[in-house]
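Chains A and B, in that order, give the protein sequences.
Under this note's numbering, the first residue of the first sequence carries the number 1, and numbering increases by one thereafter.
Under this note's numbering, the first residue of the second sequence carries the number 1001, and numbering increases by one thereafter.
In case anyone wonders, no lab produced these hints; they're calculated from the structure.
A couple of the hints might just be wrong.
[Stated by the list, open to error] From the structure, some residues in chain B lie toward chain A, with a derived Cβ separation under 7 Å: (1) M1008; (2) N1010; (3) L1012; (4) I1125; (5) A1128; (6) L1130; (7) R1138; (8) D1140; (9) F1145; (10) I1157; (11) I1159; (12) I1160; (13) S1163.
Ideal placement from N, C-alpha and C gives every residue a C-beta, glycine not left out.
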Amino acid sequence: MLTELRAKDVVTAILAFAVLSLVILNFAVNSTPRLTPVVAPGVLWVSFTFAGVLGLTRAFAIEKDRGNLEGLLVTPTSREALYVGKMLGSLAFMLVAEAVLLPVFAVLFNVSPFQPSLLLIVLLATLGFVSVGALFSAIAVNTRSREIMLPMLFLPIALPIVIGAVVASGYALEGRPWSDIAGWVQLMVVFDLLALVFCALAFEHVIQE
Amino acid sequence: MTSTNSPMRNVLLALSAASMVGVLYLVFLYAPTDKNLGISQRIFYFHVSMAWVGFFAFFWVLVGSVGYLWKRSQKMDRLAYASAEIGVVFTTLMLITGVLWAKPSWGIWWTWDPKLTTSLILWLIYVAYLMLRAYSPRGDQGARFGAILGIVGFFDIPIIYLSVVWWRTVHPNVVGTGAEGGLEPEMRTALMACTVAFTLLFAYLLTDRLSLRRSEEEFESMRSVASLV
């Protein structure tokens, strides 16, 4: 994680790319003020997803390339702790990216995303996204053409989270009451819990030698 | 090694070939033509049977995956890998027949209906499974990776379906439900027979693929021994 922070150029590059994707998507959907409430949540989550995938691709890359993972495996750290550490690292990265992207999004699409409900949705969705992503990142890093394998593997799996996030943040941006959003929040909480427990258990099978 | 189970394979081959011929009769001559949908409705029997075989195959991927992580036996991994291959073939055919049938009956090729969307995602997950197996290192590591995806993918499907159902409710449903529901008795018979025939075909393909995979593995191990010598 610290090494990652030192490699600032990569973090900035990913952020710049995510901002660029916001701009490109704006042209792709040709957003007008009338259409903005319809397309804005989708655009937001596509750029979050891009940033997240790029970040997760790197989650195990440095360890793999330098052979540090074997070193970690001989230390008396439990596999679950390794998974949680990696997951939290990716979570922190993605939250930082989102913290930068949200204001840009607010300005470009003229919406006010800083509401408690929307921030909760972003947090829950990001947690679910990285808990699945960290597991598959550990898998993808061991395959050929790993940059393509990671999104192929985990985006279909994380689909419920993406759907939930898009619909719920759409509701939040429209200012709908909490009762409309609550069902989606519940779905995300359930998904997060299942993903965390299962992925932490499965992680052991991924990294053993 | 392959010769030991070839009688079983031959029996399955004969059974599935014979039942396929019977099914052709049932589907095209015995079952009545649908009043509303006309002749195009006959693709329904194949479509549903292929969908069934696809899901059935993915169930065996789950069985093989759990079995592999538990017992670490090659046999279980072969079962998962072979079923995934056959499952992808049948889900592909299911999607194609579905699209072909949707055009004359609904007037559009595709609609983001929960069943269609979930099937497409299901297909993507198992295509990713095959990609993962192809791009992973051979042997234990690749098998473990596949097993994890096989398990996660299977249990994720109900959650995906649920979320897509919820998602659809916020949009107007452009297409009513299809012709399912009240089936004529003859149609029901044809459908059951077709499903049985396709399941037999699946069993044949699976035994065939398993023995082929076994030969591949024997060949690999012989080659690695030969390279050591």
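Tested hints:
1. For the restraint placing M1008/B at the interface with chain A, the shortest Cβ-Cβ distance is roughly 32 Å, beyond the 7 Å limit, so the hint is violated.
2. Interface hint status for N1010/B: violated, as the beta-carbon distance to the closest one in chain A is roughly 38 Å, over 7 Å.
3. A cut of 7 Å between beta carbons decides the hint on L1012/B: the least distance to chain A is about 32 Å, and the hint is violated.
4. Annotation: interface hint on I1125/B holds; nearest CB of chain A at approximately 5 Å, less than 7 Å.
5. A distance limit of 7 Å between C-beta atoms decides the matter here; for A1128/B the minimum to chain A is near 5 Å, and the interface restraint holds.
6. Hint status for L1130/B relative to chain A: violated, with the closest Cβ pair at about 10 Å, above 7 Å.
7. Given the 7 Å rule on beta carbons, the hint for R1138/B is violated: about 12 Å separates it from the nearest Cβ of chain A.
8. Hint status for D1140/B relative to chain A: violated, with the closest Cβ pair at about 9 Å, above 7 Å.
9. For F1145/B, the suggested interface contact is upheld, since its CB lies about 5 Å from the closest CB of chain A, less than 7 Å.
10. With its C-beta approaching chain A no nearer than about 10 Å, I1157/B sits outside the 7 Å limit, and its interface hint is violated.
11. With a least beta-carbon distance of about 5 Å to chain A, the hint placing I1159/B at the interface is held under the 7 Å criterion.
12. Taking 7 Å as the C-beta cut-off, the interface hint given for I1160/B holds, the closest approach to chain A being about 5 Å.
13. The beta carbon of S1163/B is positioned within 7 Å of a beta carbon in chain A (closest approach about 4 Å), and the interface hint is therefore held.
Of the numbered hints stated above, those contradicted by the structure are hints 1, 2, 3, 6, 7, 8 and 10, listed in ascending order.
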